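Protein chains in written order, with our numbering: chain Y, 1097 to 1219; chain S, 1097 to 1219; chain B, 1097 to 1219; chain X, 1097 to 1219.
Be aware that a few hints might be false.
[To be verified] Computed list of lysine-lysine pairs in DSS-like fashion (alpha-carbon distance at most 27 Å, straight line):
1) X/Lys-1118 x X/Lys-1178
2) B/Lys-1118 x S/Lys-1178
3) Y/Lys-1178 x Y/Lys-1167
4) B/Lys-1178 x B/Lys-1118
5) Y/Lys-1178 x X/Lys-1178
6) X/Lys-1167 x X/Lys-1178
7) X/Lys-1167 x Y/Lys-1178
8) S/Lys-1178 x S/Lys-1118
9) Y/Lys-1118 x Y/Lys-1178
10) S/Lys-1178 x S/Lys-1167
11) X/Lys-1178 x Y/Lys-1167
12) S/Lys-1178 x B/Lys-1167
13) B/Lys-1178 x B/Lys-1167
14) B/Lys-1167 x S/Lys-1167
The set of hints was computed from the structure by calculation and includes no laboratory data.
The structure presented is a predicted model; accordingly, all values stated were derived computationally and were not measured.
4 protein chains.
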Amino acid sequence: MNETVTVRGFIGNEVRTITTDKGLPISSFRLASTPRRFDRERGEWVDGETNWFTVTCFRALAQNVRTTVSKGDPVLVTGRLKVRQWANDTGQRGTSVEIDADGVGHDLTFGTGSFIRLGGQPA
Amino acid sequence: MNETVTVRGFIGNEVRTITTDKGLPISSFRLASTPRRFDRERGEWVDGETNWFTVTCFRALAQNVRTTVSKGDPVLVTGRLKVRQWANDTGQRGTSVEIDADGVGHDLTFGTGSFIRLGGQPA
Amino acid sequence: MNETVTVRGFIGNEVRTITTDKGLPISSFRLASTPRRFDRERGEWVDGETNWFTVTCFRALAQNVRTTVSKGDPVLVTGRLKVRQWANDTGQRGTSVEIDADGVGHDLTFGTGSFIRLGGQPA
Amino acid sequence: MNETVTVRGFIGNEVRTITTDKGLPISSFRLASTPRRFDRERGEWVDGETNWFTVTCFRALAQNVRTTVSKGDPVLVTGRLKVRQWANDTGQRGTSVEIDADGVGHDLTFGTGSFIRLGGQPA
Chain Y
1097 MNETVTVRGF
1107 IGNEVRTITT
1117 DKGLPISSFR
1127 LASTPRRFDR
1137 ERGEWVDGET
1147 NWFTVTCFRA
1157 LAQNVRTTVS
1167 KGDPVLVTGR
1177 LKVRQWANDT
1187 GQRGTSVEID
1197 ADGVGHDLTF
1207 GTGSFIRLGG
1217 QPA
Chain S
1097 MNETVTVRGF
1107 IGNEVRTITT
1117 DKGLPISSFR
1127 LASTPRRFDR
1137 ERGEWVDGET
1147 NWFTVTCFRA
1157 LAQNVRTTVS
1167 KGDPVLVTGR
1177 LKVRQWANDT
1187 GQRGTSVEID
1197 ADGVGHDLTF
1207 GTGSFIRLGG
1217 QPA
Chain B
1097 MNETVTVRGF
1107 IGNEVRTITT
1117 DKGLPISSFR
1127 LASTPRRFDR
1137 ERGEWVDGET
1147 NWFTVTCFRA
1157 LAQNVRTTVS
1167 KGDPVLVTGR
1177 LKVRQWANDT
1187 GQRGTSVEID
1197 ADGVGHDLTF
1207 GTGSFIRLGG
1217 QPA
Chain X
1097 MNETVTVRGF
1107 IGNEVRTITT
1117 DKGLPISSFR
1127 LASTPRRFDR
1137 ERGEWVDGET
1147 NWFTVTCFRA
1157 LAQNVRTTVS
1167 KGDPVLVTGR
1177 LKVRQWANDT
1187 GQRGTSVEID
1197 ADGVGHDLTF
1207 GTGSFIRLGG
1217 QPA
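Bound-form chain Y, shown alone (with noise of 0.2 Å):
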């Protein structure tokens, strides 16, 4: 199956734009959400730990992703979650999670803005 995920969070860098060989263009970020738990001990709301995501974006998009989100913007995204192992020529290994995002969009709970309809379709 696919997991999909949608996370509220922050963006931790500035977004990072490439075009591949066939022309698609893909837009990535750094996405960092922190859970919210009633501590029952506490008797209180606490901050968890924070979740890092990598979020990539095609097409439409990530040209308009590129052209309106900024490092430290709240957003919401919602995707697909891959899990993946790598491993490079140097012998490191490592885990990475990404999120191929199905919609982006400032999160309304945390400013007000404008939007400019484009002839985007569907990722």
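Chain Y is fixed; fit chains S, B and X onto it per the hints.
This is chains S, B and X only, laid out in the frame that chain Y set:
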């Protein structure tokens, strides 16, 4: 449990905002989402039936939604699903399907925009 | 988009199974889920209003659900949410909230059991 | 926010259970989920890369999972996603992807079974 749900769709009417006796702003709008499914017999993607939701926003999110989104806009909404049975004085009964929104944003798949950070706290 | 939703709840009636003209088995049942929310004024967790869903299962899942689950059982259900407006011949109208199930299982939070693997394929 | 996620997959190892000093049972297992995606160029569905998760269960769920599920079993898991960065004494660093499970059950898409209700409370 709480059923969390994320919907990407289009706003079907103008946002309505009320303020409660205690000064709590509440905004609501109708949201239409049309699923795509792969038709095995026809060998192509086709539209499914549209899902309609009533989205309800509270506090800072209610205020920012009121000033920022309009009928026809493409948005992402994430929140808690509420399936409510209702009956009115004239004996009518029905079911409403609501989302108590935690976050709302314009879907950058379909356009660009700007964003102004305000001091809002998570809803 | 498809709204995927996961519900943990209790089965509200006996499972009904039909077989279509083409030999496709379809099982359905009602599922009740009661959210818990933290009441800030009272400083404690309280029950919210119960959400009711109609869950529909197809093919191998339909057959296995028919023989394995019963009224009152605690289950997990994941699938695609369908909000349907209906009208019948007598002029009545209404809204049904269905989940086309991709997976169903007894919730081991509430008990133990056994499992026999059959040759079913993903629905 | 909390990232809730639901995974349908297969258990990759035997369940490990420990008991904390305070008598809290904790069970964990590895879960593999392989997404299916439609390959537009080939015009058919193909397997994507497998996602691996570490699932952690607490209290009654931990006990019932220990006695009921085994390596290779198809299960549904729903819970809160945790992306953790770790480092150990020897200077190694890495990322773990965990799900703190709220519910676990055998996936009836793939088989039948039995269920015995115990007095467990929601985790």
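Here is how each hint holds up against the structure:
1. Among the hinted pairs, X/Lys-1118 with X/Lys-1178 is consistent with the structure: their alpha-carbon atoms are about 23 Å apart, no more than 27 Å.
2. Straight-line distance between C-alpha atoms of B/Lys-1118 and S/Lys-1178 comes to about 36 Å, which puts the hinted pair past the 27 Å bound.
3. Of the supplied pair hints, the one linking Y/Lys-1178 and Y/Lys-1167 holds, its CA atoms being roughly 23 Å apart against a limit of 27 Å.
4. At most 27 Å may separate the alpha-carbon atoms for a hinted pair to count; B/Lys-1178 and B/Lys-1118 meet this at roughly 23 Å.
5. Only pairs whose Cα atoms come within 27 Å are accepted, and Y/Lys-1178 paired with X/Lys-1178 is accepted, the gap being roughly 14 Å.
6. Restraint check: the Cα-Cα separation between X/Lys-1167 and X/Lys-1178 comes to about 23 Å, which is no more than 27 Å; the hinted pair holds.
7. With a C-alpha separation of about 23 Å, the suggested pair X/Lys-1167 and Y/Lys-1178 falls inside the 27 Å cut-off, and the hint holds.
8. Restraint check for S/Lys-1178 and S/Lys-1118: the C-alpha separation of about 23 Å stays at or below 27 Å, so the hint holds.
9. Under the criterion of a C-alpha separation no larger than 27 Å, the hint pairing Y/Lys-1118 with Y/Lys-1178 is consistent with the structure, at around 23 Å.
10. Taking the CA atoms of S/Lys-1178 and S/Lys-1167, the gap is near 23 Å; set against the 27 Å cutoff, the hint holds.
11. For the hint linking X/Lys-1178 to Y/Lys-1167, the alpha-carbon distance of about 23 Å falls within 27 Å, and the restraint holds.
12. Of the supplied pair hints, the one linking S/Lys-1178 and B/Lys-1167 holds, its CA atoms being roughly 23 Å apart against a limit of 27 Å.
13. In summary, the hint linking B/Lys-1178 to B/Lys-1167 is supported, as the alpha carbons are separated by about 23 Å, within the 27 Å threshold.
14. Between B/Lys-1167 and S/Lys-1167 the CA atoms are separated by roughly 43 Å; this puts the pair beyond 27 Å, and the hint is violated.
Of the numbered hints listed earlier, those contradicted by the structure are 2 and 14.
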